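Since the structure of chain G is already known, use the hints to place chain X on it.
Residue numbers (my numbering), protein chains in the order written: chain G, 1 to 138; chain X, 1 to 130.
None of these hints come from the bench; they were simulated from the model.
Take these hints with a grain of salt, some might be off.
[To be verified] List time: in silico DSSO-like cross-link candidates among lysine-lysine, alpha-carbon distance up to 27 Å:
{"no.": "1", "chain 1": "X", "residue 1": "K20", "chain 2": "X", "residue 2": "K7"}
{"no.": "2", "chain 1": "G", "residue 1": "K116", "chain 2": "X", "residue 2": "K7"}
{"no.": "3", "chain 1": "G", "residue 1": "K116", "chain 2": "X", "residue 2": "K106"}
These figures come from a predicted structure and were not determined experimentally.
Below, each chain spelled out in residue letters.
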Amino acid sequence: MSSIYHHIRRALETELDDASIAPVAYENVAYSPTTGTSFLQPVFTPTTRRPAVMGVSPQQLYTGLFRVLCNAAEGNGPNAADSLANSVIDTFEATTDIDYNTGSETIKVSIRYAEKFAGTLDAPWYIVPVNIGWYIYK
Amino acid sequence: MQITVRKAQLKAKTEKSKEKARAQVYNMLSDMIDYMSYENPLPVDTGAYVGSMSLNPRGNRSGPAKGKRGRRKADPNMALNDMEARLTAGLDSIEDPLDGATIINKAPHAKEVHLYVRDVFAELRDMYGL
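Next up, chain G with everything else stripped away, as it sits in the complex (with noise of 0.2 Å):
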């Protein structure tokens, strides 16, 4: 069942949400930035659903990434984009399992890994992106 996506993306950004580190731009919805205030841009990612095990209706391994890109005001050194980048990974720390209730059933969406990018300057923001490995079985 391929339906399990937008759940997937629901309790990654619910995640990220909830840890309340700056506002969120979420994809596809409009959103204007106020020069010189710091936001979040995750991208949801999904890379592969392949059968977790031999047989008829086997369960699926779906694995993808979870990219934020953490947007601070340019010309200010990296300092505040560093640190939303190390809230961010500390969010998503490397084997944590992030329950998510879909209404019908609570799914665990698993960290593999999260990690920082080297800053780009994009005027008015300086941009450092981490990604973040996301699998789930289900």
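Chain X alone, transformed into the frame defined by chain G:
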């Protein structure tokens, strides 16, 4: 009681293992090309980004660097087919896959694509544990 292993026997076994490993690395790189070209195709607008993707022997950072300015919209199928053919030729030109390979994109706007459109390198790292 004793077991004696001949040097020639050991050498043959080592060569066999190496051959298997070589095939595995080749297949992994070939799977990466398929992933980018067909399974989860890269985004194509002007074709400059996919036209700047290269697969080289490890450490070789050469390849086309196509800018998007002044280019018309490209046919995604054609652009992806070209990329697939170029990357496969690059893979086949690697003498020994066990020496490693480098996949590089030298498009001037590659950073922008990776940041705002799609970071395929992060996906490949995630999928293949690189």
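Cross-check of the supplied hints:
1. K20/X / K7/X: 20 Å, holds
2. K116/G / K7/X: With Cα atoms ~48 Å apart, K116/G and K7/X exceed 27 Å; violated.
3. K116/G / K106/X: 22 Å, holds
When the structure is compared with the earlier hints, a violation turns up for hint 2 alone.
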